Amino acid sequence: MKKIEAVIRHFKLEEVKDALTQVGVQGMTVSEVRGFGRQKGHKEQYRGAEYTVDFMPKVKMEVVVEDDAARNVIDTILRTARTGQIGDGKIFVTDLSEAIRIRTGETGEESI
Amino acid sequence: MSQRARRLAIAPALVFVFTVVFGLWNVSTGYGQETPEGASTSSVTGESPREVAAESVAELTESPAPAEFSEANMAWMMICSALVLMMTAPGLALFYCGLVRKKNVLSVMMQCVTLMGIMSVLWVVVGYSLAFAPDIMGGFVGGFDHVMLDGVLPTWNAETGQIETPAAGTQIPTLLFAVFQMMFFIITPGLIVGAFAERMKFSAMVVYSILWGLLVYCPIAHWVWSDNGWLCEWNEAAAFPALDFAGGTVVHISSGVSALVCALMVGARYNYQKEPMPPHNLTYTFIGATMLWVGWFGFNAGSAVAANTLAVNAFAATHLAASAGVIAWAGMEWLTIGRPTILGACSGAVAGLVCITPASGAVTVPSAMIIGLCGGLVSFLACTKLKNAFGYDDSLDVFGVHGMSGIVGALLTGVFASKSITGARVGLIEGNGAQMVNQAVSILAAAGMAIVGSVILLKLIDLTIGLRVNEEKEIRGLDLTEHGEEGYIFL
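So the protein lines, in turn, are chains G and P. Heads up: the first sequence begins at 427 in the numbering used here, then just goes up one per residue. Heads up: the second sequence begins at 82 in the numbering used here, then just goes up one per residue.
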């Protein structure tokens, strides 16, 4: 099993979600995150005082899939989340040792 | 006795002392049995609204005729009193708490609501008397004739078998006038809170506000609004009759200048200009600012002390000045940093409102728009340039907005005052340059009093209970360390 974490732009979330469900992804976890890469932050002004905000808001999707499906899922995210501008985000892929469905106790690929 | 037990004993002890003092005062004055001397009633007159408004702040008349009250005026003044109270909380409280960091959001709200309690009681006990009773100390301050609102409250006349209600000149009970003025006494120290936000001890704030209210606010209010005040516009014998319709000098200059003194003496926040301290919730600030705008109608139009044509002018002038203030501040931001901000627009509205406060009963609506524009512009420059140039930490820009716009408003009142509104006094444009001198003297007097009073009080507090919390408490935030509560509680 693989866990695929994709940090993407907010406005791409719906598009990516729809595309992933069409390629067979049955579940995902989404969270609001803040961070920076090459895009860096932005500046804000309050009554003449300027603040540099380093952390840009993004959305992180977490998807767990079978090993064979991982490449397709990654390609789908790459295709749908891309704008071509700096700040599109990143995808991280990790090997997952175990997954368990709490209701039934099923483990491994049966649980996802 | 443990420290906790001692603390628990303080509250009932205070209630007991208060009750005893009140009881003794009742016995000594005969309150509730017969009419105090001089607390008679008013009669209806055919005077102009301006004259009537002026009389309302005067002492009670000696007419023996029963009071004839205007239900319209009473209704209007009760609404205005409520509007002015709304300015402190939720208005000012939300405006300020949105501007601080989230670890201090409750401390600002707590200071506002505490002032509503303390200053109200203080006003009844002695504040009203110091501001509006006949002179003592060579005209410096009012005496103690109206302690516990003696001569203001309704009384039972055993001889006539009737309730007698002391009345002010605009056919409202004097008690209603005292209540309206009470709301000003609450919000003025409330404004100062913004200067030392996020670092001052709650106890120090309480002591400072009480002493400042009695020793700084009451004398200035007496000079400007009391019958015999040396700055009072309707006192024929006043040395420098200054125009201050709704409190530009009494409220905004006194609080704004005191705020600057506080910012300097309390010192900058920990890591000021080293770590970011942006507002934590500008939606609160927007709600608070717009509530202030609405409340200001009570503040300014209520200062006519009647539902009359003068109140209508003050109402219109207030709104248009605030509108012009928004345009000025947001426009300056658009020009200088490339985009207008919500904080800028809100700040501009408040600056415009402050600037028109002394002038709202003296200038026409077009003049009010010019005054509002000037207020927005000057306060914008004060907050963005002046503060950075001098490096003081006036946390929420009380001096920049209230102090500077108050001073500019007081001066421009002397420029634009028009006979078409006042019926009497005019400003520079209508040929009375001397009014500018009166305005300047009133500004210097109020600012001087605020500086001297605040320096002495803050020094005394610093030497006794201390002015600010320690570094560790400041870093953790005043909500937890001063009040044991959190504004935002999540899982």
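For the record, the hints were derived by calculation from the structure and aren't laboratory data. Source: prediction; values computed, not measured. Among the clues, some could well be false.
Under the rule of at most 30 angstroms between Cα atoms (straight-line distance), these lysine-lysine pairs were calculated in the DSBU-like manner [what the hints assert, rightly or not]:
1. G:LYS466 with P:LYS184
2. G:LYS466 with P:LYS466
3. G:LYS486 with P:LYS554
4. G:LYS469 with P:LYS183
5. P:LYS554 with P:LYS184
6. G:LYS466 with P:LYS500
7. P:LYS355 with G:LYS469
8. G:LYS486 with G:LYS429
9. G:LYS428 with G:LYS443
10. P:LYS540 with G:LYS466
11. G:LYS469 with P:LYS540
12. P:LYS500 with P:LYS183
13. P:LYS184 with P:LYS500
14. P:LYS183 with G:LYS486
15. G:LYS516 with G:LYS486
16. G:LYS469 with P:LYS500
17. P:LYS466 with P:LYS184
18. G:LYS428 with G:LYS469
Chain G is nowhere near these chain P residues, computed Cβ spacing over 10 angstroms in every case [as the list claims (entries may be wrong)]:
19. PHE221
20. LEU424
21. LYS468
22. GLY472
Glycine is no exception: its CB is placed at the ideal position from the N, C-alpha and C atoms.
Check the structure against each numbered hint from earlier and tell me which ones fail, lowest number first. Those not satisfied are hints 3, 6, 10, 11, 12, 13, 16, 18, 20 and 21.
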